[in-house]
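Sequences are here, hints too, so could you generate the full structure?
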Amino acid sequence: MNARAFDLTQLRTFIAIHDAGSISAAAEQIYLSQSTVSEQLKKLEERAGQPLLVRSRKGMRPTPAGTRLVGYARQIAALSEAAFEDLQGVLLDGELRIAITDYYRPHDVGRVLKRFTNLYPRLRLHVSAMQSSQIERTALTGEHFDVGLALRLLNEDVSQGDDVTGDAATSATLVRRERLVWAMSSTLAQPVDAPLPLVTLPRPCALQTLVVNVLERHKVAYRVSHSAAGVAGMQLALGAGLGISCLNESALTPDLIVCPPSLGLPPLPRAEFHLLPGRADETDLIRHARNALLRLFA
Numbered sequence: 284m285n286a287r288a289f290d291l292t293q294l295r296t297f298i299a300i301h302d303a304g305s306i307s308a309a310a311e312q313i314y315l316s317q318s319t320v321s322e323q324l325k326k327l328e329e330r331a332g333q334p335l336l337v338r339s340r341k342g343m344r345p346t347p348a349g350t351r352l353v354g355y356a357r358q359i360a361a362l363s364e365a366a367f368e369d370l371q372g373v374l375l376d377g378e379l380r381i382a383i384t385d386y387y388r389p390h391d392v393g394r395v396l397k398r399f400t401n402l403y404p405r406l407r408l409h410v411s412a413m414q415s416s417q418i419e420r421t422a423l424t425g426e427h428f429d430v431g432l433a434l435r436l437l438n439e440d441v442s443q444g445d446d447v448t449g450d451a452a453t454s455a456t457l458v459r460r461e462r463l464v465w466a467m468s469s470t471l472a473q474p475v476d477a478p479l480p481l482v483t484l485p486r487p488c489a490l491q492t493l494v495v496n497v498l499e500r501h502k503v504a505y506r507v508s509h510s511a512a513g514v515a516g517m518q519l520a521l522g523a524g525l526g527i528s529c530l531n532e533s534a535l536t537p538d539l540i541v542c543p544p545s546l547g548l549p550p551l552p553r554a555e556f557h558l559l560p561g562r563a564d565e566t567d568l569i570r571h572a573r574n575a576l577l578r579l580f581a
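Per this note's numbering, the very first residue in the sequence shown carries number 284; after that it's consecutive.
The set of hints was computed from the structure by calculation and includes no laboratory data. None of these values were measured; they are calculated from a predicted model. A few of these clues could be false.
[Claimed, not checked] Calculated lysine to any residue pairs in the SDA-like style (CA-CA distance at most 25 Å, straight line):
| no. | residue 1 | residue 2 |
| --- | --- | --- |
| 1 | K326 | R287 |
| 2 | K397 | Y505 |
| 3 | K397 | L437 |
| 4 | K325 | I381 |
| 5 | K325 | L315 |
| 6 | K325 | T292 |
[Stated by the list, open to error] The following label-pair restraints were derived from C-beta to C-beta distances:
| no. | residue 1 | residue 2 | range |
| --- | --- | --- | --- |
| 7 | G425 | I540 | 36 to 46 Å |
| 8 | R351 | E322 | 14 to 24 Å |
| 9 | A512 | V337 | 37 to 47 Å |
| 10 | Y355 | P560 | 22 to 32 Å |
| 11 | S318 | S339 | 14 to 24 Å |
| 12 | R506 | I313 | 43 to 53 Å |
| 13 | A512 | R351 | 26 to 36 Å |
| 14 | Q317 | E426 | 19 to 29 Å |
| 15 | L519 | R340 | 20 to 30 Å |
| 16 | R380 | V507 | 25 to 35 Å |
| 17 | P560 | R462 | 22 to 32 Å |
We put the beta carbon where it would ideally sit given N, CA and C, even for glycine.
Shown next as C-alpha cells:
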C-alpha cells in the first residue's frame with residue numbers, strides 16, 4: 284500500500300462506526316465480526332498516526348482528527364462507488380429535482396450538492412428549499428420534486444404530546460440525527476425579563492409549532508419579537524440579538540450560542556433528517572440518484 288494512502292475498506296468501516304456510534308452496531312450493519320471491525324479501526328488509526336474515535340458514555344465519538352477524516356472518507360467512498368457505477372453503465376444523465384428542508388446543515392449543504400454534481404457532471408440539478416410538512420405531504424405525488432429530505436421531530440426527552448413530523452411507519456431512511464437547542468446571540472444579555480422574546484417562523488413549520496407548544500406547556504411566558512421568513516432569516520435575527528429561538532445544532536452560526544441553563548428553558552426533543560422513499564413509478568435515474576445522495580447526505 285502507498286504509505287501516503289488510506290485503505291478504502293478501513294475508511295468504510297470507520298464511517299460505519301462513526302455513524303452507528305459503537306463497534307458492535309457497526310459490525311451488525313456491515314456484516315463483519317466485532318473483532319474484525321476493531322482491527323480495521325486500529326489499523327486505520329495506525330495509518331493516520333493518531334486516535335480517530337474514543338469511547339464515551341454515549342458511545343464512540345470522533346476526535347478532532349476523526350471529524351476531519353470522516354468528511355474525506357465519505358468523499359472517497361462516494362467517488363469509488365460513482366466510478367464503479369459508471370463502469371457498470373449506471374450513468375446519471377438528465378434532470379433531477381431535489382427538495383431539502385433548510386434546517387439541514389445550512390452551512391455546508393451547498394458543498395454536499397457541489398460534490399454530487401462533481402461526481403455526476405451530466406446530471407442537471409434543480410434544488411428547492413421547502414418546509415418539511417410540504418415535502419412529506421407531496422412526497423408520493425412527484426408534484427414538486429423527485430427526491431426529498433425532510434426534518435422529523437422525536438418526542439423523546441420531553442413531555443408526551445409534542446408534535447412529531449412524519450409517520451414513523453414509513454420507509455424513509457434516516458441520514459442524520461441532531462440535538463435541538465435554545466439559541467441566542469453571543470452578545471445578547473440574558474433575556475431574564477418576562478415575557479421571553481421569541482424569534483420564530485410562521486406556521487406550519489413543525490419545529491416552530493413545537494417550540495410554542497413546549498413553552499406553553501411549561502408555562503413560560505413569551506412574546507414573538509421577530510417573525511422570520513426562513514432559517515437564514517432566523518439566524519440573522521438571532522445574531523442581531525432580537526430574541527431567542529430553537530435550532531438544530533448544525534444550524535448554529537459562529538455568532539450564536541446555546542442558551543445557558545440559568546434561563547430555565549424547557550428540554551427539547553431531538554431532530555432527525557430523513558430521505559423520503561421513492562415512488563412506485565419512479566425512473567432508474569431517480570432511484571440511482573437517491574442512493575448516491577444518501578451516501579453524501581449522511
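*asked:* For K325 and I381, compute the direct alpha-carbon distance and say whether it is at most 25 Å.
replied: The hint is violated at about 38 Å.
*Is the distance from the Cβ of A512 to the Cβ of R351 consistent with 26 to 36 Å?*
Once the Cβ atoms are compared, 34 Å apart, the range 26 to 36 Å for R351 and A512 holds.
*So does Q317 sit 19 to 29 Å from E426, Cβ to Cβ?*
For E426 against Q317, whose Cβ atoms are near 46 Å apart, the range 19 to 29 Å is violated.
_P560 and Y355 - C-beta distance against the hinted 22 to 32 Å_ = holds, 30 Å
*Beta-carbon spacing of S318 to S339 - inside the hinted bounds 14 to 24 Å or not*: Given range 14 to 24 Å: holds, Cβ gap about 22 Å.
_Just to be careful, I want the Cα atoms of K397 and L437 compared with a cutoff of 25 Å; is the pair within it?_
violated, 30 Å
_Pairwise hint evaluation, R287 against K326, where the allowed Cα distance is 25 Å at most_ = Given that 25 Å is the threshold and the Cα spacing comes to 14 Å, the pair holds.
*asked:* Tell me if the beta carbons of L519 and R340 are separated by a distance inside 20 to 30 Å.
replied: The hint (20 to 30 Å, Cβ to Cβ) is violated, given that L519 and R340 are roughly 36 Å apart.
*Starting from the hint 37 to 47 Å, judge whether the C-beta atoms of A512 and V337 obey it.*
41 Å Cβ-Cβ, so the 37 to 47 Å window holds.
*Taking the CB of P560 and the CB of R462, does the distance hold inside 22 to 32 Å?*
With a Cβ separation near 26 Å, P560 and R462 satisfy 22 to 32 Å, so the hint holds.
_Tell me if the straight-line CA distance from K325 to L315 falls inside 25 Å._
holds, 15 Å
*Consistency of beta-carbon spacing, E322 to R351, with hint 14 to 24 Å*: holds, 23 Å
Against the hints set out earlier in the document, violations occur for numbers 2, 3, 4, 14 and 15.
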